[in-house]
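**Q** Respectively, the protein sequence lines represent chains A and B. Quick note: the first sequence uses this note's numbering, first residue -15, plus one each step. Quick note: the second sequence uses this note's numbering, first residue 3, plus one each step.
No lab work stands behind these hints: they were computed from the structure. Do not take every clue at face value.
[Stated by the list, open to error] Some, not all, of what chain B presents toward chain A, calculated at C-beta under 10 Å:
{"#": "1", "residue": "LEU46"}
{"#": "2", "residue": "SER69"}
{"#": "3", "residue": "PHE105"}
{"#": "4", "residue": "GLY109"}
{"#": "5", "residue": "THR113"}
[Stated by the list, open to error] If the Cβ cut is set under 10 Å, some of the chain A residues that face chain B in the computed set are:
{"#": "6", "residue": "TYR11"}
{"#": "7", "residue": "PHE83"}
{"#": "8", "residue": "SER92"}
{"#": "9", "residue": "LEU94"}
Each residue gets a CB set at the ideal place from its N, CA and C atoms; glycine is no exception.
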Amino acid sequence: AQSVSQHNHHVILSEAASLELGCNYSYGGTVNLFWYVQYPGQHLQLLLKYFSGDPLVKGIKGFEAEFIKSKFSFNLRKPSVQWSDTAEYFCASRRGQNFVFGPGTRLSVLP
Amino acid sequence: SQTIHQWPATLVQPVGSPLSLECTVEGTSNPNLYWYRQAAGRGLQLLFYSVGIGQISSEVPQNLSASRPQDRQFILSSKKLLLSDSGFYLCAWSVGTTNTEAFFGQGTRLTVV
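Starting from the given sequences, assemble the full structure and let the hints guide the process.
**A** Structure (structure tokens):
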């Protein structure tokens, strides 16, 4: 069965620190990969997505992710986090109609 | 543009009472529709999805059911709520089978007392 794992449950960083959140997916065929963000009290929003092509994808708010097929990974990065990046981050994969989500990583950025 | 409406935003229901959560999508035809439950530390658990009117796939056996009476309407129901049904329920939609993302509603916080 398709599954998505995220390496970290809770990450605490100071402002201006660099961020990398790990994500691994299980399915070896063609996948669509996503990172969603949920800010406190808000609905899930798409940060970025990978369908094909350049494995380094740019998203909103300075986020990027790199698809590494050999490692089944799709890690999220940001060179310098801000307090406003405090949120929960979900990695997801799509196969057919199904979207499978990881357990989420809570990011707390200290001012 | 497409929008998704989910209501109510919050709901407090006694154990044993029925449940009906509604989700509607505007601005698209024949969407795939989803119900997820979000639990702290466990991410989003897919409960049901539907690729067309009257077509429901259940991912997890439970006390809940789903129906799709119209193309852009998806309803989550229960005949008798359990305490364990408390949680945050999210409706989502997508199109096709690949190369598009899912779009989420605002969610319903259900508390069973």
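**Q** The structure should be examined with respect to each hint, and the outcome stated for every one.
**A** Status of the hints after comparison with the structure:
1. The beta carbon of B/LEU46 comes within 4 Å of a beta carbon in chain A, closer than 10 Å, and the hint placing it at the interface holds.
2. Below 10 Å, beta-carbon pairs count as interface contacts, and B/SER69 has none with chain A, the closest being about 17 Å; its hint is therefore violated.
3. This hint holds: B/PHE105 has a C-beta 8 Å from the nearest C-beta of chain A, less than the 10 Å allowed.
4. The interface hint given for B/GLY109 holds, since its Cβ lies 6 Å from the closest Cβ of chain A, which is under the 10 Å cut-off.
5. The interface hint given for B/THR113 is violated, since its Cβ lies 17 Å from the closest Cβ of chain A, which is over the 10 Å cut-off.
6. Below 10 Å, beta-carbon pairs count as interface contacts, and A/TYR11 has none with chain B, the closest being about 12 Å; its hint is therefore violated.
7. Interface hint at A/PHE83: satisfied, since its Cβ lies 5 Å from the closest Cβ of chain B, which is below the 10 Å cut-off.
8. The beta carbon of A/SER92 comes no nearer than 15 Å to any beta carbon in chain B, farther than 10 Å, and the hint placing it at the interface is violated.
9. The interface hint given for A/LEU94 is broken, as the beta carbon of that residue sits about 21 Å from the closest beta carbon of chain B, more than 10 Å.
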